[in-house]
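Student: Sequence:
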Amino acid sequence: MSTTRHLVNRQRRLATVAAAERTATPAAATTTAPEPAGPDTESERESRSEDEPADEPGEKVEEVEEAPRPVGPLRLRVSLPAVLCVLTVLLGSFAAWSFTSAGTLRDEPGRQNTALTDISRTSEVKGQITEAVGAVFSYNYASPAKADTAVKTYLVGKAVQQHKDMLAEVRAQAPKQKLVLTTTVTESGVELLDGDRARLLIFADQSNTRTGKSEETTYAAAMFAVDAVRRGGSWRISAIDTFSR
Numbered sequence: 001m002s003t004t005r006h007l008v009n010r011q012r013r014l015a016t017v018a019a020a021e022r023t024a025t026p027a028a029a030t031t032t033a034p035e036p037a038g039p040d041t042e043s044e045r046e047s048r049s050e051d052e053p054a055d056e057p058g059e060k061v062e063e064v065e066e067a068p069r070p071v072g073p074l075r076l077r078v079s080l081p082a083v084l085c086v087l088t089v090l091l092g093s094f095a096a097w098s099f100t101s102a103g104t105l106r107d108e109p110g111r112q113n114t115a116l117t118d119i120s121r122t123s124e125v126k127g128q129i130t131e132a133v134g135a136v137f138s139y140n141y142a143s144p145a146k147a148d149t150a151v152k153t154y155l156v157g158k159a160v161q162q163h164k165d166m167l168a169e170v171r172a173q174a175p176k177q178k179l180v181l182t183t184t185v186t187e188s189g190v191e192l193l194d195g196d197r198a199r200l201l202i203f204a205d206q207s208n209t210r211t212g213k214s215e216e217t218t219y220a221a222a223m224f225a226v227d228a229v230r231r232g233g234s235w236r237i238s239a240i241d242t243f244s245r
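Take the sequence shown: its position 202, counting from 1, is numbered 202 in this note's numbering, and each next residue is one higher.
Hints were generated in silico from the structure; no laboratory data involved.
Fair warning: this is a prediction, and the values are worked out from it, not measured in the lab.
Glycine residues also receive a C-beta, built at the ideal position from the N, C-alpha and C atoms.
Among these hints, one or two may not hold up.
What the hints assert, rightly or not - Pair ranges (Cβ atoms, derived):
(1) G212 x L192: 42 to 52 Å
(2) Q112 x T149: 27 to 37 Å
(3) V170 x T117: 36 to 46 Å
(4) E191 x G134: 13 to 23 Å
Assemble the whole structure, with the sequences as input and the hints as a guide.
Tutor: Here it is in structure tokens:
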């Protein structure tokens, strides 16, 4: 019985020692080699985020300022106001010039010319001036009074003196040579028609006949311009332009 009790006690001691050794071995392993960290829990992540210092706004601003800045867009933003100012000045100058030019064009006689638009008035002035030219530039030595009447009827202003100077030689030679001067308008054109003023270009044929002892006739073509004014319902010649210097 003592032997059996002795064996049982020995087995208990061995079991106690083995249990003690098993308990000591994990503890030693825990102190020498820490266990690998498992996945963080939500509470651990919140605590770690509170402990870590947050980035300050100043540091971010400094990093942005230190980054290289593009040159092209900045230069465009700087120069755009200047360009707009220049364009404004140019457009204003152009508008002023256009307004002045338009006023000048309206005041020019050529811009008020109705020779091509007022057909009735154009025809009227052509007919009356054609008749006037034929009358005042024709002369018969036998009836000088007829020429004087034509001058009073169809000429006004400086055209009276101009006509007198142009026909002075004809009047002087007519009684001796028995001259007959005949002028026929072959073509006329209204260059300007502005209200009661007009300018016409005249093409005419002239024949000069001497009816003395030796009858002789000469022919010539003439081209000149006349200025006309409308007075008392009829057109009269106010100036004669022979294009001579």
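Student: With reference to the structure, classify each hint as holding or not holding.
Tutor: Verification of the supplied hints:
1. One distance hint, 42 to 52 Å for the beta-carbon pair G212 and L192, holds here, with the actual separation near 43 Å.
2. Between Q112 and T149, the C-beta spacing of about 34 Å keeps the proposed range 27 to 37 Å intact.
3. A beta carbon spacing of about 40 Å between V170 and T117 agrees with the range 36 to 46 Å that was offered as a hint.
4. Here the CB-CB span from E191 to G134 is close to 19 Å, well matched to the stated 13 to 23 Å.
Going through the hint list in order, the structure satisfies each hint without exception.
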